[in-house]
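Taking the hints into account, I'd like the entire structure generated from these sequences.
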Amino acid sequence: MQFNYKVILKVIGILLLINGAFMLTCLPFSFYYGEGDHMALIGSGFIAIGVGALLFLLTRNLESNDLRKKDGYLIVTLGWLSMSFFGCLPYIFSGAIPDLTNAFFETLSGFSTTGATVLTDIESVDKGILFWRSLTQWIGGMGIIVLTVAILPLLGIGGMQLFVAEAPGISPDKLQPRIKETAKRLWIIYCGLTLTELVLLWFGGMDFYDAINHSLTTMATGGFSTKNASIAYYQDPYIQYVIIAFMFLAGTNFTMTYFGLHGQFRKVLRNEEFRFYFIFCLGASLIVGLIIFNLGHDTFEKSIRDALFQVVSVVTTTGYVTHDYTAWTSFLTVMFFLLMFAGGSAGSTAGGVKLVRHILLIKNSLLELKRILHPSAIIPVRFNGKSVSRDITFNVLAFIMIYILVMCFGAIAVSSFGIDFNTSLGAVATTLGNIGPGIGDVGPVDNFAHLPMGVKWILSFMMLLGRLELFTVLILFTPYFWRKV
26 MQFNYKVILK
36 VIGILLLING
46 AFMLTCLPFS
56 FYYGEGDHMA
66 LIGSGFIAIG
76 VGALLFLLTR
86 NLESNDLRKK
96 DGYLIVTLGW
106 LSMSFFGCLP
116 YIFSGAIPDL
126 TNAFFETLSG
136 FSTTGATVLT
146 DIESVDKGIL
156 FWRSLTQWIG
166 GMGIIVLTVA
176 ILPLLGIGGM
186 QLFVAEAPGI
196 SPDKLQPRIK
206 ETAKRLWIIY
216 CGLTLTELVL
226 LWFGGMDFYD
236 AINHSLTTMA
246 TGGFSTKNAS
256 IAYYQDPYIQ
266 YVIIAFMFLA
276 GTNFTMTYFG
286 LHGQFRKVLR
296 NEEFRFYFIF
306 CLGASLIVGL
316 IIFNLGHDTF
326 EKSIRDALFQ
336 VVSVVTTTGY
346 VTHDYTAWTS
356 FLTVMFFLLM
366 FAGGSAGSTA
376 GGVKLVRHIL
386 LIKNSLLELK
396 RILHPSAIIP
406 VRFNGKSVSR
416 DITFNVLAFI
426 MIYILVMCFG
436 AIAVSSFGID
446 FNTSLGAVAT
456 TLGNIGPGIG
466 DVGPVDNFAH
476 LPMGVKWILS
486 FMMLLGRLEL
496 FTVLILFTPY
506 FWRKV
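Residue numbers for the sequence shown follow my numbering, so the first one is 26 and each next one is one higher.
The reader is advised that the hints may include incorrect statements.
[As the list claims (entries may be wrong)] Using 30 angstroms as the maximum straight-line C-alpha spacing, the simulated DSS-like pairs for lysine-lysine come out as follows:
| hint | residue 1 | residue 2 |
| --- | --- | --- |
| 1 | Lys411 | Lys388 |
| 2 | Lys94 | Lys35 |
| 3 | Lys94 | Lys411 |
Since the hints were made in silico from the structure, they are not lab data.
Printed below as a string of structure tokens:
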């Protein structure tokens, strides 16, 4: 048998059970605010639980639970798609987003932690549905961490072996027996940071409902807000600085967070990716802050704060907004567009290319100059003082090349619907990078509601591709994947 379909269906069944259970956790907000969305949540939750239970019961008596490599690719992709299709039911049943295309777009944007929205009046949506919207991002954020640690390294995807080599409780040669322990530790850190941010925002003056929603979507680097103006609604510097700090933490390799919480600061400071991440965000923020201050944007503190917020938001692919960066200058619009290709750290909830790939690309490119002068010399790429295998280097080069090609073809496909150049490029770049706001007519103060239905399906595919590290999805479209070996 080429695929172990029973194992695949069993895992998808478990995911749908979890999905349905999370839907029901939105009911307290629905009942408290009494806005009438409880029946949509109950119906959606029980449908997801019912289908999940059926799949699980039909496959519970498996003789073998062996997960093969090809099975892994299908589970990851079909799992994300099935959760998104069932996850859009609350929107449809409640009437918040009545049609499938828009509901699926919003849901996949949630699970992929992209933050692109089709809602034109977020504050008018019932509180239970709005909480489900935030919860999809929180589930997707932690899901990508577990995916990065547990699944992608086994499939040899995306150069994530670098993360695995440093992850607490994991070693490359004994990965599988320790996945459970590692996932447990990551869940504890993720939940702990979410709870900490909730407390800080709540005591900082944000009401409990808004505080829990923003905590969920900050730690997921998702960017869904309960306000039409996003974080620009809150002009309190304290609230904005708290969110900046937690966006930065969410975009940090969770291994570094683990080491930091255990007092191993030397390991954190010695990590090349973390140093690059910190300096990159700080440097870009200072450049933007000084430019907009000189333009008379506001006080020096406000200029630096807005710059820091927007740079960290885009680099970590969170997508929150305190100001329309496309209205500052053409130079800064181009700069923020380029920042969309940075991505956060590997092993974080951030999307995008990931900074570790940029570091390896730069190092390998510089070493090529040395190799030209010394063709017989063996000069390996080093990361954190260790040699990086040629396989990982080639994987990174292939990833970045395919990323650029996918973006180009995506922009061409979107523009074929009559969408202008800036909007086409901005929409594809922001959805492929799982960022949220782009440039053109999908900028920080706009949304995706006005785009044609066909464009929304293309952008949904971009979100899925970007979140699942390209190769996981694209390999399904190759003939040799389906060929019997």
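Run the distance test for lysine 411 versus lysine 388: straight-line Cα separation, threshold 30 angstroms.
13 angstroms, holds
For the pair supplied as a hint, lysine 94 and lysine 411, confirm whether the alpha-carbon distance does not exceed 30 angstroms.
Answer holds: lysine 94 to lysine 411 is near 28 angstroms, not above 30 angstroms.
Pairwise hint evaluation, lysine 35 against lysine 94, where the allowed Cα distance is 30 angstroms at most:
OK: lysine 94 and lysine 35 at ~16 angstroms, within 30 angstroms.
Every hint from the earlier list agrees with this structure, and none is contradicted.
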